Amino acid sequence: MNNTYNTFFVVNPASAHGKTKKNWLRLENYLRQNDLDFAYKFTAKPMEAINITREALYNGYSRIVSVGGDGTLNEVLNGFYDEEYRKINTESFLSHIPMGTGGDFARMFNISADLPHVYNIMTNYQEYPIDIVKGTYTNFAGNRESRFLINVADVGLGCQTVYTVNNRSKILGGFLSFLTSALISLLTYESQLVTVKIDDNELYSGRATMVVVSNGRYFGGGMKIAPEALLNDGLLDITVVNDLSKLDIIQNVPGIYQGKHINHPAISIFKGKKVELSSPEELLVEFDGETPGMGSIILEVMPNELKLLL
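Counting in this note's numbering, the sequence shown runs from 6 upward without gaps.
If you are wondering where the hints come from, they were derived from the structure by calculation, not from laboratory data.
Just so you know, not all the hints are guaranteed correct.
Said to hold, decoys possible - When the alpha-carbon atoms are kept at most 30 Å apart in a straight line, the in silico DSBU-like pairs for lysine-lysine are as follows:
1) 46 <-> 139
2) 312 <-> 279
3) 92 <-> 312
4) 312 <-> 251
5) 229 <-> 279
6) 92 <-> 50
7) 24 <-> 312
8) 46 <-> 278
9) 46 <-> 27
10) 279 <-> 92
11) 276 <-> 265
12) 229 <-> 251
13) 92 <-> 139
14) 276 <-> 251
15) 278 <-> 312
16) 27 <-> 50
17) 229 <-> 202
To be verified - Label-pair restraints from in silico Cβ distances:
18) 46 <-> 146: 35 to 45 Å
19) 94 <-> 128: 43 to 53 Å
20) 268 <-> 22: 10 to 20 Å
21) 92 <-> 46: 14 to 24 Å
22) 60 <-> 148: 34 to 44 Å
Note that this is a predicted model, so its numbers are computed, not measured.
Backbone N, C-alpha and C fix where the C-beta goes; we use that ideal spot for every residue, glycine too.
Generate coordinates for the entire structure from the input sequences, incorporating the hints supplied.
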């Protein structure tokens with residue numbers, strides 16, 4: 006497909022420990038030298054990508070390109086909807102250039118920030134209708150609110166790792182940043198009591214190391230947590246990791262990167278359209294590399310809700 010869309014880039018210059026600004030300027034120059042017409046804007050603070058995206062869509066741009074990490078992508082996705090969770094433009098499209106730390110969503114499509122590769126997806130792209138997820142939780146001000154996500158939501162050790170990553174320097178890059186943060190989190194983390202309801206049926210209740218609800222396959226800087234997940238099947242893949250010892254967790258980390266953990270006797274895999282996570286303890290939640298609040302959490306798949314151009 007090579008139709009021309011009115012294109013707007015939303016760029017997070019602070020992602021990848023500030024490297025994205027320099028990389029973007031190089032990419033911008035390359036695309037303009039190749040006669041591409043587009044507009045862009047830098048984000049200046051967290052959550053600003055949501056409003057920048059909304060403004061671009063209201064101003065008639067139909068293709069929005071997220072430039073940054075998974076967190077930036079999540080903000081841009083949420084900008085496709087107004088404050089009442091209504092889609093601003095039903096004929097809009099999302100693209101993504103990975104220049105952040107994790108790059109987990111990009112792995113599903115083998116997207117890179119290589120200059121010729123970006124030029125190709127801007128001019129010779131394919132359209133992919135995909136599912137997204139609506140998550141409802143309690144924000145840090147104590148109010149219930151909803152947010153959309155495109156890749157993964159989780160509670161437990163994975164969420165704590167993301168929280169640690171986001172509060173430490175990311176100068177080591179994606180893989181090492183997540184790995185070192187996982188080890189740091191493991192030293193202090195204790196499993197939590199979690200009840201998991203899937204399509205209104207209680208399927209797990211007890212202590213869990215983590216629960217991951219996946220639309221995509223990867224999280225945590227390349228861990229293949231849901232190897233069977235598809236972005237267009239109308240289903241969520243739920244991975245429940247029981248109360249494992251710290252030694253068992255360390256021993257199984259390599260297997261998670263390869264997707265081999267699904268055969269572990271202490272890991273349960275489910276599929277469903279609606280997931281509810283609750284706990285008598287404080288349950289911090291992660292959506293696409295960000296930690297917007299805590300539980301209880303409701304996650305509902307929205308089939309064929311979004312069109313990607315990649």
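Broken hints, by number: Checked against the structure, the hints that fail are numbers 4, 8, 18, 19, 20 and 22, while the rest are satisfied.
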